[in-house]
Every structure is written in structure tokens, then in C-alpha cells.
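Peer 1: Just so you know, we're using the working numbering here: the sequence shown kicks off at 17 and counts up by one.
These are calculated hints, taken from the structure and not from any lab test.
Just so we're clear, the structure is a prediction, and the values are computed from it rather than from any experiment.
Among the hints, a few may not be true.
Straight-line distance between alpha carbons at most 20 Å, and here's what the computed EDC-like set of lysine to aspartate or glutamate pairs gives [what the hints assert, rightly or not]:
#1 120 / 103
#2 180 / 239
#3 153 / 134
#4 115 / 34
#5 210 / 33
#6 210 / 29
#7 243 / 176
#8 153 / 70
#9 115 / 33
#10 180 / 260
#11 153 / 260
#12 210 / 34
#13 243 / 64
#14 243 / 260
#15 153 / 239
#16 180 / 257
#17 115 / 103
#18 210 / 35
#19 180 / 137
#20 153 / 103
#21 180 / 134
#22 153 / 67
#23 153 / 176
#24 243 / 67
#25 72 / 257
#26 72 / 260
Distance windows between CB atoms, simulated [to be verified]:
#27 119 / 63: 22 to 32 Å
#28 239 / 206: 35 to 45 Å
#29 24 / 195: 18 to 28 Å
#30 136 / 39: 16 to 26 Å
#31 230 / 60: 13 to 23 Å
#32 29 / 168: 11 to 21 Å
#33 238 / 194: 31 to 41 Å
#34 97 / 19: 37 to 47 Å
#35 194 / 123: 36 to 46 Å
#36 53 / 19: 20 to 30 Å
#37 202 / 125: 32 to 42 Å
#38 194 / 97: 33 to 43 Å
Just so you know, even glycine gets a beta-carbon here, dropped at the ideal spot from N, CA and C.
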Amino acid sequence: MTIPRIVAAETLDALAEDDPAAQRSRRDLRRVHRIMGTRSILRQALHDLVDSRELKYPLQVLELGAGDGSLMLGVAQTLVPIWSQVELTLLDRQNLIEKDTIAKYAEIGWVVVSQVIDVVDWASGTTDSILKDTSAKWDLIVVNLFLHHFEHQQLESLLDAISKRTNLFFACEPKRAWLPLIGSHLIGAIGANKVTREDAVLSVHAGFRGAELAALWPSHSVEWRLKEYSANLFSHCFSAERLELI
17 MTIPRIVAAE
27 TLDALAEDDP
37 AAQRSRRDLR
47 RVHRIMGTRS
57 ILRQALHDLV
67 DSRELKYPLQ
77 VLELGAGDGS
87 LMLGVAQTLV
97 PIWSQVELTL
107 LDRQNLIEKD
117 TIAKYAEIGW
127 VVVSQVIDVV
137 DWASGTTDSI
147 LKDTSAKWDL
157 IVVNLFLHHF
167 EHQQLESLLD
177 AISKRTNLFF
187 ACEPKRAWLP
197 LIGSHLIGAI
207 GANKVTREDA
217 VLSVHAGFRG
227 AELAALWPSH
237 SVEWRLKEYS
247 ANLFSHCFSA
257 ERLELI
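Work the whole structure out from these sequences, hints included.
Peer 2: Next up, the structure:
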């Protein structure tokens with residue numbers, strides 16, 4: 017029996033940036049990523065996507081829902097020196113990027129800009145940021161544990177906006193299956209706080225399986241190479257590769 021997809025608001029998203037419970041939960045998430053092998057999944061997928069295309073450097077990369085930027089920093093450090101010139105924009109609705117994190121990106125030659133914007137505004141173009149400009153195109157847009165926050169209609173709109181602004185897209189999301197669900201109920205074993213324990217279960221229920229994301233990806237008469245697959249025990253991945261670069 018399959019698990020129906022149910023999207024429910026997660027507690028962490030409603031907490032203030034400086035709330036101690038939120039800060040603890042973000043630390044929990046770093047441990048969760050280590051257990052899930054998220055860094056390795058992202059590193060391999062991004063390397064394969066970019067390596068298959070003749071893109072001009074510096075690469076223009078955008079991460080939506082970037083959080084504190086620490087996960088992408090870990091990925092970046094494993095991609096150097098293969099990716100030696102990258103201009104990375106970290107977008108999140110909360111201001112979580114610390115100066116020390118940006119400095120660590122600079123140490124490996126990556127230029128980083130932090131944008132505090134709600135992704136819904138970015139997708140609809142209602143923000144004053146330069147990111148609303150439809151002429152702003154990206155070589156690669158990345159999301160991690162992000163798409164599962166959106167209901168069907170909002171998800172369609174977001175994927176539509178992404179498809180119009182990038183050559184490559186990669187998403188790493190929760191896998192909606194029984195084993196990940198069981199694992200989410202056991203996350204307290206790693207010392208996760210109440211927020212993380214509750215949100216982990218909700219995340220799996222809102223996750224993806226099969227070819228659900230590919231079915232929502234728009235074409236706009238543009239040819240894409242789509243790939244959707246499970247990674248390790250807990251992750252569900254989706255990539256989209258524009259065959260004719262913009």
C-alpha cells in the first residue's frame with residue numbers, strides 16, 4: 017500500500033530566526049544530512065549534470081530555500097577544483113547566512129550573494145529584487161528538502177518559474193515510502209529536538225515517489241531530459257536538463 021501525499025505546515029518554518037528551538041533544529045538537520053548522505057548525493061548529481069554540458073564559466077548557480085548555506089558549502093568544498101569559478105546566489109525567506117559562511121565560500125573561489133526573499137515572490141516576480149527579472153538566467157538551480165513544502169498548485173507554479181530561468185535543475189527531496197517513514201519516527205535516537213522529530217514525519221508524508229515531479233515539469237515546447245530516482249534509503253531525486261541552452 018502506498019502512502020498518500022499530505023502536505024502540512026512544519027514547525028521550523030513558523031519559528032523566528034533566533035528562536036532557540038529553531039537554532040537547535042537547524043543543527044539537527046546537519047546531522048540528518050550526514051546520516052542521509054545528502055552531500056554525496058548532491059555532489060555526484062551536480063557534477064554529472066554540469067560535466068555533461070558545455071557551460072561557460074563562471075557558473076551561475078542559484079539555491080532556493082538555502083537555509084544557512086552550510087549544506088551547499090560542504091558540497092562546494094568537494095567540487096573544487098573541478099568547479100573553480102562559481103557565482104552562487106543563496107535565496108531564503110529568512111536571513112540565516114553568516115559572514116563566516118560567505119568567507120568560507122570565498123576561500124575556495126566562489127562568489128556568494130545572499131538574498132532574503134520568499135520563493136513564492138521570486139516565482140511570481142512580485143519582489144523588487146533583481147531576481148524577478150526574467151532575463152536573469154541560471155546555469156543551475158538547486159533545491160534540497162524544499163519542494164515537499166508545497167501543495168500541488170503552488171508546486172506547479174514554482175516548477176514553471178524554475179523551468180523558464182535555468183538550463184539545469186536538481187532537487188533532492190524526502191522519499192515517501194514506508195522505510196523513510198519508520199526512520200522519521202526514530203529520529204529522536206540521534207538527539208533531535210521536538211521540532212525536528214515532528215517535522216521529520218511531516219516531511220516524509222509530503223515527499224515524493226515514482227515520477228511525480230517529472231509529471232509536474234512543464235515543457236513550453238522546450239525539450240528537456242528528465243530523470244527521477246531514489247537515492248540511498250531516504251531521498252528522492254529529480255533532475256531536468258534543457259537540451260538547448262538559453
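Peer 1: For each hint, tell me whether it holds in the structure or not.
Peer 2: Going through the hints against the structure:
Of the pairs offered as hints, the one joining residue 120 and residue 103 holds, with about 14 Å between alpha carbons and a cut-off of 20 Å not exceeded. Among the hinted pairs, residue 180 with residue 239 is consistent with the structure: their alpha-carbon atoms are about 12 Å apart, no more than 20 Å. For a cut-off of 20 Å, the pair hint linking residue 153 to residue 134 stands: about 18 Å separates their Cα positions. A hinted pair counts as satisfied when its Cα atoms are at most 20 Å apart, and residue 115 with residue 34 qualifies at roughly 16 Å.
A distance of roughly 17 Å separates the Cα atoms of residue 210 and residue 33; the hinted pair therefore holds under the 20 Å criterion. The hinted pair formed by residue 210 and residue 29 meets the criterion: a straight-line CA distance of about 14 Å does not exceed 20 Å. A C-alpha spacing of about 17 Å is found between residue 243 and residue 176, which places the hinted pair at or below 20 Å, so the restraint holds. With a C-alpha separation of about 16 Å, the suggested pair residue 153 and residue 70 falls inside the 20 Å cut-off, and the hint holds.
For the given pair, residue 115 sits about 16 Å from residue 33 by alpha-carbon distance, which is consistent with the 20 Å threshold. Pair hint residue 180 plus residue 260 holds up; C-alpha atoms about 12 Å apart against a cutoff of 20 Å. Among the hinted pairs, residue 153 with residue 260 is consistent with the structure: their alpha-carbon atoms are about 14 Å apart, no more than 20 Å. About 17 Å separates the Cα atoms of residue 210 and residue 34, which keeps this hinted pair within 20 Å; it holds.
Pair hint residue 243 plus residue 64 holds up; C-alpha atoms about 12 Å apart against a cutoff of 20 Å. For the hint linking residue 243 to residue 260, the alpha-carbon distance of about 17 Å falls within 20 Å, and the restraint holds. Restraint check for residue 153 and residue 239: satisfied, since their Cα atoms lie roughly 17 Å apart, inside the 20 Å limit. Taken as a hint, the residue 180 and residue 257 pair is honoured in the structure, with Cα atoms around 12 Å apart against an allowance of 20 Å.
Between residue 115 and residue 103 the alpha-carbon distance is near 16 Å, which keeps this suggested pair within the 20 Å criterion. Proposed proximity of residue 210 and residue 35 is supported: the alpha carbons are some 14 Å apart, at most 20 Å. For the hint linking residue 180 to residue 137, the alpha-carbon distance of about 15 Å falls within 20 Å, and the restraint holds. Taken as a hint, the residue 153 and residue 103 pair is honoured in the structure, with Cα atoms around 12 Å apart against an allowance of 20 Å.
Only pairs whose Cα atoms come within 20 Å are accepted, and residue 180 paired with residue 134 is accepted, the gap being roughly 18 Å. The suggested pairing of residue 153 with residue 67 holds, with an alpha-carbon distance near 19 Å, which does not exceed 20 Å. Of the pairs offered as hints, the one joining residue 153 and residue 176 holds, with about 14 Å between alpha carbons and a cut-off of 20 Å not exceeded. Among the hinted pairs, residue 243 with residue 67 is consistent with the structure: their alpha-carbon atoms are about 16 Å apart, no more than 20 Å.
Proximity of residue 72 to residue 257 is assessed by CA-CA distance (about 16 Å); at most 20 Å being required, the pair is judged to hold. Proximity of residue 72 to residue 260 is assessed by CA-CA distance (about 14 Å); at most 20 Å being required, the pair is judged to hold. In this structure the hint that residue 119 and residue 63 lie 22 to 32 Å apart at CB holds, the actual value being about 24 Å. Checked against the given bound of 35 to 45 Å, the beta carbons of residue 239 and residue 206, roughly 43 Å apart, stay inside it.
A hinted range of 18 to 28 Å holds for the C-beta pair residue 24 and residue 195, which are about 21 Å apart. The supplied range of 16 to 26 Å is met by residue 136 and residue 39, whose beta-carbon atoms lie about 25 Å from each other. Between residue 230 and residue 60 the C-beta distance comes to about 19 Å, which sits within the given range of 13 to 23 Å. In this structure the hint that residue 29 and residue 168 lie 11 to 21 Å apart at CB holds, the actual value being about 18 Å.
At roughly 36 Å, the beta-carbon separation of residue 238 and residue 194 lies within the given 31 to 41 Å, and the hint holds. Roughly 42 Å separates the CB atoms of residue 97 and residue 19, a value that falls within the hinted 37 to 47 Å. Checked against the hint of 36 to 46 Å, the C-beta distance between residue 194 and residue 123 comes to roughly 42 Å, which is consistent with it. Taking 20 to 30 Å as the suggested C-beta distance range, the pair residue 53 and residue 19 conforms, at roughly 22 Å.
Roughly 40 Å separates the CB atoms of residue 202 and residue 125, a value that falls within the hinted 32 to 42 Å. Between residue 194 and residue 97 the Cβ separation comes to about 41 Å, which falls inside the hinted range of 33 to 43 Å.
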